[in-house]
Amino acid sequence: MKLSEFLQRIIKNGLIIFASIIMILTILRQLYTPNIPFDLNSIYIIMGFSFLGALTGIILYSPNEISEKNMRIRRTIHFITLELLLIALSIIFQIVNSTIEVIVLALQIAVIYFIVRLLTWRHDKKEAQKINEKLKALKNDL
Amino acid sequence: MNISIEEIDKKLPEEILIRCHEIDEEIEEIVRNLQAEPLVILGYLHDTVHRIQLRDIYYFEAVDGKVFLYCKDQVYEVKQKLYELEELCKVKNCFRASKSTILNITKISSVHPFFSGRFEAVLDNGERTIISRQYVPVLKKMLGL
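One line per chain: the protein sequences are A and B, in this order.
Sequential numbering from 76 applies to the first sequence in the numbering used here.
Sequential numbering from 149 applies to the second sequence in the numbering used here.
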């Protein structure tokens with residue numbers, strides 16, 4: 076994949092993350108606190124978090140073919156960078172104010188990251204199963 | 149569908165006769181396959197040139213500006229560029245699996261996902277190679293998924 080295509084994907088991911096957060100927040104607000112309005116500052120913070128979070132995807136980009144070991148190292152660096160970035164931004168914007176809150180946030184990010192990877196892997200496993208069935212059929216036809 | 153093979157006298161011309169209820173896409177595909185010449189790639193090993201049929205090739209790989217083709221237990225250098233081979237072989241069950249490899253689908257034994265988001269193809273000769281996530285839809289399309 077070319078760098079320009081990769082950057083396009085990062086922008087697309089940033090927009091998807093932003094839209095998803097806004098939609099979830101809107102529904103939760105509607106359910107629990109329908110009288111509190113969204114303030115402009117919160118929207119900018121969510122926008123910033125979304126695009127900076129998506130930007131960390133650049134760690135996974137390589138113009139050359141990379142080994143599985145290298146990919147795993149990059150995944151680990153990506154996770155650590157995402158943790159540090161989101162915690163740093165949360166401290167700057169005073170979303171978290173104590174050590175306990177920082178630890179809870181770090182754990183939340185880790186759990187979400189792991190769930191996303193697990194769901195992706197499970198989806199890939201189903202895809203691989205379908206591919207393997209087709210490969211088997213192809214071999215039988217030959 | 150029954151398949152019959154009849155041995156005939158050497159004096160008579162050889163022919164393939166398809167008896168079907170109607171000429172549909174499947175029949176046309178069989179005819180196309182019968183008419184198609186087997187694709188041959190020239191592989192260079194030391195000072196000799198080998199004519200290698202595509203059905204014997206497991207995959208092509210570009211390494212340090214050179215392109216190699218891998219058979220069951222032999223590796224040959226190829227003079228074509230990877231994108232030229234991709235164009236040449238895409239109608240013959242081959243697909244781009246990553247930036248540096250083209251895989252022969254008929255030589256893939258199975259496919260497994262990695263937790264990192266990529267796929268691994270295990271070939272019939274036991275070799276393992278990576279399929280980039282972006283090329284998985286190409287493989288699926290070629291398999292009719």
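Some hints here could point you the wrong way.
Said to hold, decoys possible - Below, in silico cross-link-like pairs of lysine to any residue (SDA-like), each with a Cα-Cα straight-line distance of 25 Å or less:
no.: 1; chain 1: A; residue 1: 209; chain 2: B; residue 2: 181
no.: 2; chain 1: B; residue 1: 288; chain 2: A; residue 2: 194
no.: 3; chain 1: B; residue 1: 238; chain 2: B; residue 2: 216
no.: 4; chain 1: A; residue 1: 77; chain 2: A; residue 2: 88
To be verified - Just some of the chain B residues that point at chain A, by a computed CB distance under 8 Å:
no.: 5; residue: 168
no.: 6; residue: 246
no.: 7; residue: 254
no.: 8; residue: 256
no.: 9; residue: 288
no.: 10; residue: 289
By construction, these hints were calculated from the structure, which means they are not laboratory data.
Just so it is clear, the structure is predicted and the values come from calculations on it, not from any experiment.
Glycine included, C-beta positions come from ideal geometry on N, C-alpha and C.
Hint-by-hint comparison with the structure:
1. A/209 with B/181: Since the Cα atoms of residue 209 of chain A and residue 181 of chain B sit roughly 19 Å apart, the hinted pair holds (cutoff 25 Å).
2. B/288 with A/194: Satisfied, since the Cα-Cα distance of roughly 20 Å is no more than 25 Å.
3. B/238 with B/216: holds (17 Å)
4. A/77 with A/88: holds (17 Å)
5. 168: violated (17 Å)
6. 246: holds (6 Å)
7. 254: holds (6 Å)
8. 256: holds (6 Å)
9. 288: holds (7 Å)
10. 289: Result: violated, 11 Å to nearest chain A Cβ.
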